[in-house]
Amino acid sequence: MSRMTMIEAIRNAQHVAMSRDEDVVVYGEDVGYFGGVFRCTQGLQEAFGPSRCFDSPINESGIIGTAIGMAAYGLRPCVEIQFADYMYPGYDQLTQEAARIRYRSNGDFTTPMTVRMPTGGGIYGGQTHSQSPEALFAHVCGLKTVLPSNPYDAKGLLIAAIEDDDPVIFLEPKRLYNGPFDGHHDRPVTPWSKDDLGEVPEDYYTIPLGKAAIRRPGTDVTILAYGTMVYVALAAVKETGIDAEIIDLRTILPLDIETIEASVRRTGRCLILHEATRTCGFGAELMAQVQEQCFYHLEAPISRVTGWDTPYPHAQEWHYFPGPKRVSAALCEIMEG
Amino acid sequence: MTDSATIQGEAIDKSDVTIEGEVTLPADMREDMLKYYKEMLLIRRFEEKAGQLYGMGEIAGFCHLYIGQEAVVTGVQAVLEDKDQVITGYRDHGHMLACGMSPGGVMAELTGRADGLSRGKGGSMHMFSREKNFFGGHGIVGAQVPLGTGLAFANKYKNNGAVCATYFGDGAANQGQVYEAFNMASLWNLPVVYIIENNHYAMGTSVERSSAETELYKRGISFEIAGKMVDGMDVFAVREAASEAVDHARQGKGPFILEMNTYRYRGHSMSDPAKYRKREEVDDIRSHRDPIEGLKKQILAAELSDEAHLKEIDKEIRAQVKAAADFALESPEPDAKELWTDVLKPVEA
Chain X
0 MSRMTMIEAI
10 RNAQHVAMSR
20 DEDVVVYGED
30 VGYFGGVFRC
40 TQGLQEAFGP
50 SRCFDSPINE
60 SGIIGTAIGM
70 AAYGLRPCVE
80 IQFADYMYPG
90 YDQLTQEAAR
100 IRYRSNGDFT
110 TPMTVRMPTG
120 GGIYGGQTHS
130 QSPEALFAHV
140 CGLKTVLPSN
150 PYDAKGLLIA
160 AIEDDDPVIF
170 LEPKRLYNGP
180 FDGHHDRPVT
190 PWSKDDLGEV
200 PEDYYTIPLG
210 KAAIRRPGTD
220 VTILAYGTMV
230 YVALAAVKET
240 GIDAEIIDLR
250 TILPLDIETI
260 EASVRRTGRC
270 LILHEATRTC
280 GFGAELMAQV
290 QEQCFYHLEA
300 PISRVTGWDT
310 PYPHAQEWHY
320 FPGPKRVSAA
330 LCEIMEG
Chain F
0 MTDSATIQGE
10 AIDKSDVTIE
20 GEVTLPADMR
30 EDMLKYYKEM
40 LLIRRFEEKA
50 GQLYGMGEIA
60 GFCHLYIGQE
70 AVVTGVQAVL
80 EDKDQVITGY
90 RDHGHMLACG
100 MSPGGVMAEL
110 TGRADGLSRG
120 KGGSMHMFSR
130 EKNFFGGHGI
140 VGAQVPLGTG
150 LAFANKYKNN
160 GAVCATYFGD
170 GAANQGQVYE
180 AFNMASLWNL
190 PVVYIIENNH
200 YAMGTSVERS
210 SAETELYKRG
220 ISFEIAGKMV
230 DGMDVFAVRE
240 AASEAVDHAR
250 QGKGPFILEM
260 NTYRYRGHSM
270 SDPAKYRKRE
280 EVDDIRSHRD
290 PIEGLKKQIL
300 AAELSDEAHL
310 KEIDKEIRAQ
320 VKAAADFALE
330 SPEPDAKELW
340 TDVLKPVEA
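In order, the protein sequences belong to chains X and F.
Read in order, the letters of the first sequence correspond to residues 0 to 336 in numbering that gives the first Met the number 0.
Read in order, the letters of the second sequence correspond to residues 0 to 348 in numbering that gives the first Met the number 0.
Some hints here could point you the wrong way.
[Said to hold, decoys possible] Distance condition first, Cα-Cα at most 35 Å in a straight line; then the derived DSBU-like pairs of lysine-lysine:
(1) K193(X) <-> K324(X)
(2) K344(F) <-> K210(X)
(3) K37(F) <-> K336(F)
(4) K157(F) <-> K344(F)
(5) K210(X) <-> K310(F)
(6) K34(F) <-> K82(F)
[What the hints assert, rightly or not] Coverage of chain F stretches by chain X, computed from C-beta distances (three or more under 8 Å per stretch; other residues unrestricted):
(7) 120-130
(8) 133-143
(9) 146-155
(10) 180-194
(11) 336-347
Calculated directly from the structure, the hints in this document are not laboratory data.
Think of the CB as a built atom: it goes at the ideal place given N, C-alpha and C, for glycine as much as any other residue.
If we strip away everything but chain F, and leave its shape as in the complex, we get (with noise of 0.2 Å):
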């Protein structure tokens, strides 16, 4: 059980942080830097792709983009073990690349295609793999709170040593499962780490509008769940507090909730015009604490790397994407009779 004394509150906002001049980074930081800027580039460039994608037809139903949140999941996936789970929502694409499943097989879930994750019949919010222990993919908001308390619960009972890593957002956060699930973890002591992706807006409705506390790494606190506001926009603030909430959760002494205050520049989904911020708000963020800017400002302020490599780095990934997504536009589309299957487990004749 942890003490309810260790709630951390500090709320950090980095808005007006720039890096310049000469900076001294610790080693492991430099060695990371220039990795967890092509994991982060990746998610952008793919998201974009799929955007681009998705605006010439190619891509049909739901499509939640990451654009903006790359950060949190790049950070919190560098310091899980390959035995690990993890679970999210609907906004999945980040954290399908992040965990290493292949961009092609993503993009061909997106486009429905017969080399899809899911074969086509889950779509962008559902895809899984048992090979990277991701497990979902969820298009129901809340719902894989309890899922990953139960897959928290199975790595108790196995003695494994593994951590669920669970995501939700802040609207999810407002479901009633989510407590049921906190009070769950709390009480038997499981190894969850609940990452809240507070990217401010549910939809279209702001923190603001929808929570009577807004400090959302709070709501542990009758649980008693340690709690932790991250600055989401920091890869190295989230590898940081993923790291102590981790052990904290391998460690056996349960469950520990961070907050990431994040942004994402599109909108909810595809058909959402996002009136209800303001362009400015956006831009500001984007100029200011853009998780990939910020961190490229590092690595040439420490001399990591030149204009010219990071150019040819972007190059790389672009033509990774561009693989990805012309190998989701060639692929087959599934046959009809996949329709039938894996609805129940096959009657052995």
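Just chain X, with the same shape it has in the complex (with noise of 0.2 Å):
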């Protein structure tokens, strides 16, 4: 075991997958030489030569078609996109290619590969930096998407994720990279080494797609959460003293509906949380799911807090994010109802 940041354990995850399977390759703008923008790389090319983690061209279309002829044809490639905002020019390729080669050749073709991609906001990044993306994957059947909240989980999700036979998109909270940022931003931010999921073994372990993680047990509310939003929910409950049962979704797609389940169900109360703008955000359709699943069970009208639908601004960054205090006057509100 030793203490990592996020971005240790997701360098510690590929080099680990790397070193079990010389099928992985990894690759992107700026991720052989200079180690990733975010340094999620570094050291990788030194460990395994520029044959297997080598810098594409700045062209995302290029670097995601590319990685599907790879896996086709027996390769595990594990790619970057530096920033989730930048992922549209490949999208086309994510979605009808990616996604559905196994479907369209009947079986015959699958694209084992993994699209690593910082996401969210929290560092003044502004429109093109800070977006989170996540429901226009979720929205598309044939790609499976994780969103981890801590070091531990990141490196067990993404091994799992380059062994799954399926694409997978790895969104990886940029705010949380260095520790567990609760949303108060103008607090010093615990380091991940003060943090129990922190602690990391070096070696092999995986965590299998579609399980979430019960982070808190309670009683009085479910909150369902992932990424950055799992620690703003602790925080919310902390300064609040409701007992709540907060769930870190950890993959949004497949979705562990079951744990979901019989938390609202126990609990008879359910409130979302998600960091994206609102309108047709993933909490839509947790919203619906819970809905259609815990209706009889329920107290309280479910409820949401998300960004707001605008862009992600620079200055206003903190007026956008959904912080412990909107967070908390929601819980307090879903406890009256």
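Since each chain comes alone in its own frame, lean on the hints to assemble the complex.
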């Protein structure tokens, strides 16, 4: 065991996966020599050589497209899109090719590939470096979408993603790279070295895709969250004293509806959190499924706290971000319902 | 890295060339003439039948016929090895037949039946075969080009000596991702041959109305990719150029671009009245440059066969195509449960 940041855990996961399988290749913009914009691939080129970890030109469509071809013929590419906001030129390849080759070829070909990308805001990146596009992936059948919230999960889920026989989108909340940020932007962030989930085994392990984790057991209300919002939820629970059960979805597709259902049936209340914009965000799907599965157990309307339906602003970042204050208010309101 | 000086720009227009009188042919051509004649004729008769079935309402949706372009896939396939991959766009029936995929399986996919190569889930534009190393059939214009480049990367990484033949049309040649792929292929020295089937119309837009540089083989110049213009209506010209390009890629010299000057006789798809070109233009190419008629003249001139024998061949191919069509019409409708298969890998219980 050693203490790792999320960056180190992601780096370590790729190192482990590359050591175990020579068909795993890692590439993307500035991934090889530079070690990645957030240093998530640092040291991989030195360890495995430039044929297995290398720089691509700045061309997202080309990165995703070539990865599909590689994956179909025996490789397991793990590519980095420098920011999730840069994914759009490659979205056509992801949705119409990567996600559909298995179906279209009647199972004759599969595309085992992982697309890593930093997601979310909190670093004053403005409109083109802060978005949370997870719902755009969850909407595409044939893709799996993973969104870890801590170093331990990030490593186990990333190795599982690389080993998965289908294309996996692996979204890394960039505000969590260096510590469990809880939305209190005016306070110093606790480093991962002081958090239990910063304890990461050096060796191989996986966390199955499609399994949620209960971060905090509770009886009053179920909070559904993923990524950065898990820590915002923990802060809000601490501040309100409401005994909420916090479920960290970890994988949004496939969705662990069983864990969600069991919890909401117990608590009778459900609050959904995400940083992405509200309309047609993944929270809308969660609301629909909870309503379908748990309607007769609900004691209050299902509620959401999300980013606003605006572009991600620069100076007004913390007005946009659904921080602990907004989550606490929603928690109090749902308990009155 | 290839030298941009190797770009060859010989624009061949053989529209006035007809074979007359006695011709002396090299031995290897003599041997292969009848073989290519049969292969091209199979594609043509297959496509004619597909057009017929479409008219009868047996094929639904989109159907892009390859009639007129048969020499391209036939000539390229002649120099490919079994391990080489082929990937193309939506006008893909000819490529699949050239790869040796079963005409019945292709036709049954067109008719949307259970015995179709994708069990009806793909349709005309989306079929695959791992056995024949055919990687689709892609409905998005130009999307196959980065994919083919990735296949070539896998070949290089595995050091398996295989080359990927990546086909696309003059329309796709204007898609941005094609140039992303060119850059990567040249930068990483990948074994890929890009075959631009220039049939002169991107749906209804002529190359002249869509392209600042109409000589598409030059599109690789700024990536240092060698390019060559080829008479795509002459199967031997195609074979010769493909041989050079495939050897180049297989020897580790990187990508190569072949622009095939070809022509489609039918509309872009079945719903295309083809008002963007004159009837005379089509008739002129049909009567002067048709790849099958041209080869037939060569065969007769070389006395490799006679009219009666060629008629016999046509009869056999028509019977083969009829059998494929019968198979495609007799095959049952796919089970509705197929809707749910192969979305993701099944979860083990």
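Practice task
Provide an ascending list of the numbers of those earlier hints which the structure does not satisfy.
Solution key: 3, 5
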